[in-house]
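Once you have looked at the hints, place chain B on chain A.
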Amino acid sequence: MAIDVKAVERLATDQASLKAAAGLARPGKWSGLGASHDAALIWGDCAGSGANPYRVAADLRDLGSKCTCPSRKFPCKHGLALLWLKAEAIAPFPAGDTPDWVSDWLGRRRPAAGSAPQPAAAPAAGKDLSAARVEEPEAADDPKAAARREAAAKKRGEDTQRAILEALEALEQWVGDQLRLGLAGFVEDATARCRRIGARLVDGKAAALAGHVDELPGRLLALPAGDRLRGATVELGRLVLLARAYRAAPEEATLRRAVATAETREALLDDPAAPRVAATWEVLAEQVRTRRDGLVSQTTWLLNLGATGPRFAMLLDFFPASAGRRAAVFTPGEQFDAEFLFYPAPLPLRAVLLRRGATREAADQDWPQPAPSLEDALTAPLLQEPWAAAHPLLLPAGRIGFDRAGAPWWQADDGSAALPLAGEATGLLTGTVLTRAAALWSGNRLQLLAAQSPWGRIAHD
Amino acid sequence: MTERLLEALGPVLTRWTMGGGAAPAAPAAWRDALGEEAAEAELRLLALSGHFLGSLTLAEPAGEIHALAPLPRLAKPPVPEALRPRARRLLQAVREPSRRRDLLDFLDARGWTLHPGDWLPGPNDEVPDVYTPWQDWAASADSAEGAPQALSAESWEEMAPAARRVAFASLRRQDPDAAALLLGQKIGAETADERVRLLSMIRQGLTEVDRPLLEGFANDRAPRVQATAAALLGRLGHGATAESDAAELAAFFEVQTKGFLRRTRTVVPQPPKTPAQRNRRFSLMQSVPFPVFAASLELTAEKLIAGWPWGADHGLDRALAGMAARSSPDAAVVAVAEALMTGASLDPYGLHSLLPRLAPAQRRSLATRLLNAQGGTYAQALIIAGAEGALDDALRTAAGIALLQRLQDSAATTGDPAGELLALGLLTTQAEARRALERIAAVGLVAADPRLDMLRLNAALDNGGTTR
Numbered sequence: 001m002a003i004d005v006k007a008v009e010r011l012a013t014d015q016a017s018l019k020a021a022a023g024l025a026r027p028g029k030w031s032g033l034g035a036s037h038d039a040a041l042i043w044g045d046c047a048g049s050g051a052n053p054y055r056v057a058a059d060l061r062d063l064g065s066k067c068t069c070p071s072r073k074f075p076c077k078h079g080l081a082l083l084w085l086k087a088e089a090i091a092p093f094p095a096g097d098t099p100d101w102v103s104d105w106l107g108r109r110r111p112a113a114g115s116a117p118q119p120a121a122a123p124a125a126g127k128d129l130s131a132a133r134v135e136e137p138e139a140a141d142d143p144k145a146a147a148r149r150e151a152a153a154k155k156r157g158e159d160t161q162r163a164i165l166e167a168l169e170a171l172e173q174w175v176g177d178q179l180r181l182g183l184a185g186f187v188e189d190a191t192a193r194c195r196r197i198g199a200r201l202v203d204g205k206a207a208a209l210a211g212h213v214d215e216l217p218g219r220l221l222a223l224p225a226g227d228r229l230r231g232a233t234v235e236l237g238r239l240v241l242l243a244r245a246y247r248a249a250p251e252e253a254t255l256r257r258a259v260a261t262a263e264t265r266e267a268l269l270d271d272p273a274a275p276r277v278a279a280t281w282e283v284l285a286e287q288v289r290t291r292r293d294g295l296v297s298q299t300t301w302l303l304n305l306g307a308t309g310p311r312f313a314m315l316l317d318f319f320p321a322s323a324g325r326r327a328a329v330f331t332p333g334e335q336f337d338a339e340f341l342f343y344p345a346p347l348p349l350r351a352v353l354l355r356r357g358a359t360r361e362a363a364d365q366d367w368p369q370p371a372p373s374l375e376d377a378l379t380a381p382l383l384q385e386p387w388a389a390a391h392p393l394l395l396p397a398g399r400i401g402f403d404r405a406g407a408p409w410w411q412a413d414d415g416s417a418a419l420p421l422a423g424e425a426t427g428l429l430t431g432t433v434l435t436r437a438a439a440l441w442s443g444n445r446l447q448l449l450a451a452q453s454p455w456g457r458i459a460h461d
Numbered sequence: 001m002t003e004r005l006l007e008a009l010g011p012v013l014t015r016w017t018m019g020g021g022a023a024p025a026a027p028a029a030w031r032d033a034l035g036e037e038a039a040e041a042e043l044r045l046l047a048l049s050g051h052f053l054g055s056l057t058l059a060e061p062a063g064e065i066h067a068l069a070p071l072p073r074l075a076k077p078p079v080p081e082a083l084r085p086r087a088r089r090l091l092q093a094v095r096e097p098s099r100r101r102d103l104l105d106f107l108d109a110r111g112w113t114l115h116p117g118d119w120l121p122g123p124n125d126e127v128p129d130v131y132t133p134w135q136d137w138a139a140s141a142d143s144a145e146g147a148p149q150a151l152s153a154e155s156w157e158e159m160a161p162a163a164r165r166v167a168f169a170s171l172r173r174q175d176p177d178a179a180a181l182l183l184g185q186k187i188g189a190e191t192a193d194e195r196v197r198l199l200s201m202i203r204q205g206l207t208e209v210d211r212p213l214l215e216g217f218a219n220d221r222a223p224r225v226q227a228t229a230a231a232l233l234g235r236l237g238h239g240a241t242a243e244s245d246a247a248e249l250a251a252f253f254e255v256q257t258k259g260f261l262r263r264t265r266t267v268v269p270q271p272p273k274t275p276a277q278r279n280r281r282f283s284l285m286q287s288v289p290f291p292v293f294a295a296s297l298e299l300t301a302e303k304l305i306a307g308w309p310w311g312a313d314h315g316l317d318r319a320l321a322g323m324a325a326r327s328s329p330d331a332a333v334v335a336v337a338e339a340l341m342t343g344a345s346l347d348p349y350g351l352h353s354l355l356p357r358l359a360p361a362q363r364r365s366l367a368t369r370l371l372n373a374q375g376g377t378y379a380q381a382l383i384i385a386g387a388e389g390a391l392d393d394a395l396r397t398a399a400g401i402a403l404l405q406r407l408q409d410s411a412a413t414t415g416d417p418a419g420e421l422l423a424l425g426l427l428t429t430q431a432e433a434r435r436a437l438e439r440i441a442a443v444g445l446v447a448a449d450p451r452l453d454m455l456r457l458n459a460a461l462d463n464g465g466t467t468r
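Residue numbers (full-length UniProt numbering), protein chains in the order written: chain A, 1 to 461; chain B, 1 to 468.
Okay, chain A solo, but in the shape it has when bound (with noise of 0.2 Å):
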């Protein structure tokens, strides 16, 4: 099914959105095109600013369209640049099966009346394709204007640093309060006083640690009425870890992350210490939590089915909650080839996706044999990264069993070590053997992510 680029030229909003489509009307933007066999709908993913790519699908019937991103603009510019791809036959779309993503996208829209083109209201006016290719001149090099931003930014950098110290001991002075106050008070009361710091972390530059304590009271309810003490000290302790050891390495990238922020994709792209790994890998699970701060967090665990790098990819994007449900990017159970960067770290974990290949047909790639030693799996992390919430681990054949009090438990086959599950276990994941499972180990709790059985793989939700 043909489509003009004038098509596209009229369905963008305004002249910014079709330039930045032309940017991303590229081959090396995208990955995982293809087109169903009627010729009527394609898709593809588009690298973005996240650790997820955008997810992108277009009905050529009427030309809607549909994108993972958070822009207001619809169609947004990676919708545009997909049609203008297509229209102008500058990357192959091959016909293959459309994805359920796209199925389920489908389902819920429906074409306007009539199947003819309907682009957007807006008149053509103001619009030219021919502009939006044009690219922009660099600015010429201005030296001092170089080293009047370089002196800001420093100083910036300077500012923020100042300002992270004063809100760790902000914090360690709030940990100590909680000491002398009583935790079982505490306990009763986390959400108010951990929101009160929370802020004070938010005023200091330290977001992410300041995310970390607004998580800290929902991670202590989660426990058990009588493990909440327990919990609380671990917690708490785990704070003041954190900021003993950033003031100790401020410039410690990991540390940076816990604290501050992450490295823009960008920066890290450039980095020449950050891991790529290039492997199948297969999608664990996809864990999408609303945090307090109104903000989204996704998080899409991926297991490394080769036999070298990091055993686990961690990705994680962050978007506001008012940009309304996002659809997954990936589908649990699913393997495919993939180029992954990872953040530097002693245990390289978040990434972001570099570079995807087709999804296999058949999901069959065997999981890899767990850590000879469960006792070093669950520990060394803890041990290398003390103030980390969790981890993830592959954990050898077992079973999920009840104890005394119903409590669910997933219990090693060979009976070596027993583990208290989060939450609860119910359905298949409880009647059969676990030939595998990967799961995250918070260090006294298991929350099961996938297993293998004689049954098949299941999911855990």
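Among the clues, some could well be false.
[Stated by the list, open to error] Covered stretches of chain A, as calculated for chain B (at least 3 residues, CB under 8 Å):
1. 29 to 42
2. 63 to 76
3. 182 to 194
4. 428 to 435
[Claimed, not checked] Some chain A residues flagged as far from chain B (calculated, every beta-carbon gap over 12 Å):
5. 7
6. 50
7. 94
8. 108
9. 134
10. 162
11. 276
12. 322
13. 362
14. 423
15. 447
Bear in mind the hints are in silico, worked out from the structure with no lab data behind them.
Predicted model only: the values in this text are computed from it and were never measured.
Just so you know, even glycine gets a beta-carbon here, dropped at the ideal spot from N, CA and C.
Only chain B this time, still in chain A's reference frame:
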């Protein structure tokens, strides 16, 4: 070492719980690391304690950990892995219990089950019998022993209710008298709900031999058990008040004779004079057995059906159909169903009460007749034929032409045809599903449209074997 430290931390945690300094009570091994300054010592002690408790100690289970019995394999395999995403999406789309039951029935008829990772039945869900082992697992998953297959007075208590009902149905088919005898011995100890379920199961193969058993429930402590037994007795032509009530009911009708050469008898309802009379007539039609009513009108069952004014009053038609379903022999049930689906009197809703008593082939025939009638829909046909995926030529009907027209005319304002496409997918054979997909694609619907999920699943699922 870990145990000793944990023990030594006891007083520290106690002090922090209540509030106050705990450094003086710190474990001896850590004291040097805490320093002299009190506030600093508290924070250092907290960092050490938190790190120790968070990474080197594990909670202990309360008593022994007990794993549930393994989920049993069913007699039919789960849908192939490649089709699970589509089955999951359909499960999301059919959350309403009766629609979900349709999906389960369709898979069952085709020889498959849902994957337990996608769905498991609750112990009391109304699901096809094939899922009985999973229902019993859900009800008593800690029972390691499998349920015995044969039902007897000895094994009655050992079997879980769902498995027992399946075994009882099997016994009733094989040896109706033995089943009635066993029921008479055991049913008294069951709950009222279970008594109704079990009693309803003797509808199959109901004969005079069952009369003493049914009469034994005349004074059952639960009214709904009494009503079930009375309905079954009514079907046998018995009932304490049947004859007097039937005479009262017959008075609401007049039998007239028409024609000179071929004299036929027609039943003419007498218009009720008051709402109270109308209610009484309705109430009597709910309780009087069909054969007794026919006898009161001095007609045979066949002549009552032939002389009934079908189509004149759908309410009366449905009441008579309900009466037939409860208490008439099979032949009369079929005749009433035929009458309800003929000519101007066509009333698919009137069939509902009769459906459990019609054979699958009869239901399919009636459904096809409905699809060819004006205004017939796949959703109505699905109720009649059931989701057995056994209708061929379902698209070459008036309903099929209407559906294709709706799909072709995307500007139609007649609502979303999603329900019709779902029902079509549940009704048709695999070959017809494939033909339907081709014809629907030809009128412009995108093949990936999720409204076609059921048709695509149908087209991909062979009978209990391989997929395409």
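Output the numbers, in ascending order, of every earlier hint that fails for this structure.
Hints 2, 8, 13 are the ones this structure does not satisfy, whereas the remaining hints hold.
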